[in-house]
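Visitor: All chains should be modelled from the sequences, with the hints used to inform the complete structure.
Here the protein sequences come in this chain order: A and B.
Quick note: the first sequence uses the numbering used here, first residue 37, plus one each step.
Quick note: the second sequence uses the numbering used here, first residue -16, plus one each step.
Honestly, the hints are just simulated from the structure, not real lab data.
Glycine included, C-beta positions come from ideal geometry on N, C-alpha and C.
It is possible that some hints are incorrect.
Claimed, not checked - Quick list of the computed label-pair ranges, beta carbon to beta carbon:
# : chain 1 : residue 1 : chain 2 : residue 2 : range
1 : B       : 297       : A       : 38        : 17 to 25 Å
2 : A       : 330       : B       : 1         : 37 to 45 Å
3 : B       : 4         : A       : 127       : 24 to 32 Å
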Amino acid sequence: MSVAVETVGLTKRYGDLVAVQELNLRLNTGEVFGMLGPNGSGKTTTILMLLGLTEPTAGTARVLGWDPTRQPLQVKRRVGYLPDSVGFYDELTAWENLRYTAALNGLPSTEANRRIGEVLERMGLQDVAHRKVGTFSRGMKQRLGLADVLLKQPQVAILDEPTLGLDPEAALEFLALIRSLKRDGLTVLLASHLLHQVQSVCDRVGLFHRGRMVLEGTVDELRERVLGGAYRIHVQARGAEVERALREVPGVVRVTRTDGDTYRVEARVDCRAEIARRVVASGELLALSVDRPGLDEVYARYFQQLEAESGGAA
Amino acid sequence: MSTQVAQSGAQAVARREGSPWTGLWAVVYKELADHLTGIRMQILETLMLLTAVGTVYAATQSIRQTIGEDPFLFLRLFTTAREPLPSFVGFLGFLIPLTAIALGFDAINGEYSRRTLSRVLSQPIYRDALILGKFLAGLATLAITLVALWVVVTGMGLFVLGLPPGGEEVARGLLFLVATLAYAGIWMGLSMLFSAIFRQPATSAMTAIAVWLLFAVFWDMLAALISQALRPTQYGGVAEELAQARLQLLLARFSPNTLYAETVIALLNPAVRSLGPVLITQLEGAVLGTPLPLGQSLLIVWPQFTALVAVVILLFAATYVLFQRQEVRA
Ligand SMILES: Nc1ncnc2c1ncn2[C@@H]1O[C@H](COP(=O)(O)OP(=O)(O)OP(=O)(O)O)[C@@H](O)[C@H]1O
Ligand SMILES: [Mg+2]
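Guide: Here is the structure:
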């Protein structure tokens, strides 16, 4: 599998503040990678270094084999970037804005017009193509931003906070568009602090905290590693032996009694059938449901554990 | 210290691959189209056109009486004032800085405040192309405006006075155009520099206008005050007065307005033989003498003219360096 983006020891300092620290990132061609983390954790800074828009203090980056610091034009020819809170020239129409992007990319006029028509249609903006962008809603601007990214037919798309400021429905639509990029074979790097929103589109995620990537893997792997179990099963049952029975189910990592006769079971596999069988054998089963904890919880739990460990060590 | 910085900067430039001017023309075309279709420029251009027509028409009315006496009648169209109107160049010296400031004051901070900068710079161009493209587009807009004005003036000379300009007059008129462009370039360069320094377009516009007011209104007074303080005329001798006048002129020449005024006087008034203390205020109705050939007039204004161009280059270089060092994020 070929590598689209790779960084080794990438570091950025602003004075005393370390915005990105010793980042080793690796994106395979065709995957959707999510850089997730709270405000100020260094996501945007990383992206700017990958595009050659900010010089790294230390370390190296390679994007499609090019060095963004020395060969930014080569990188930017092949990489589309959707900045957080993307802006357009309000007094120009959507079409005119894209014409400028096409010209900056050196596209000849006929090719530019063809592609602009294509990307606007794909983003569902063909009816407003000749309206001034100043009249666009936030969601329309965001879709125009994605059209702007696709115009240069990039191999890699970097999207910073793509769902920020969108209503839930528009956000879902936008995530579907991102998924369609993956189908086209693009490598997608997206940064967001809305963990629950983007986890569904990412093949792999990296969790950022104060400039470091503290966890990295598929969402399932992270759930497993941090929460112990990737499934959370809620059981409501009566009977003295229920708790012991639950603990003995294969795959169960932890059982906690939340109140009265409800239990929370964390398990590595979806073992609802086995739980049902054993609870019925030892007591009375009232209800059974499963949910999969989101990345928010993984993230929160990870830092609880970290604090607990450092507290214990101190 | 500063050489170190310059060296590391030069290294950074040398290490980059690809032409720094990739995409330059795309930027120039976009900015030029913005300027020419923007309401801001259209208002100013209409204003300039009206002034040109008004002042030059007034000038033709005065000139009618002296037709036949003056070998450089055509040039008088530019410099003749008729109460209560000032001359065409007088008006231009006032409107050109305003127009130039309007062209540049939001060049860079406007891209930040519209949040377009990171999107534009993520296209395959260097910042060099963006900043130079904006500068060239501004200059081109000014040049187009000035040529249009010049054509209007010439046309009015032809139709109202039935006066075809001579070859030398055309040459002088065109040189005047070039000098005006350089003078305009200073104000555009200054407002672009402020647009890189200040985050708010309103701040950069106000600051540029403040600097212009300083030079247009207060600088000559300051020059007079300072020269009186430093070279007082205690005994009333000619030597003392001359020393004072020299100092005042020296100080006045730190103002682009003085440099421009001197250039224009010598170019549009072939009779001007030197730009000494006596002649500085004589933009209109200068002493009649034997006219100088064009080459001689050019020699007189060469220092002033090169100073104007040098200031433009200096202001652009400062803007360029500042912009290169700025973060993409606001
Ligand atoms: N130009 C700058 N000068 C100094 N510090 C900066 C600069 N730009 C960013 N930082 C700091 O670097 C850190 C990382 O910022 P960055 O924008 O990369 O975070 P982020 O993960 O993108 O956050 P957000 O979710 O808010 O977009 C922050 O602490 C920020 O204050
Ligand atoms: Mg960010």
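Visitor: Look at each hint and say if it fits the structure.
Guide: A quick look at each hint next to the structure:
Hint check: residue 297 of chain B to residue 38 of chain A, Cβ distance near 49 Å, so the stated range 17 to 25 Å is violated. Against the hinted window of 37 to 45 Å, the Cβ-Cβ separation of residue 330 of chain A and residue 1 of chain B comes to about 43 Å, which satisfies the hint. Checked against the given bound of 24 to 32 Å, the beta carbons of residue 4 of chain B and residue 127 of chain A, roughly 26 Å apart, stay inside it.
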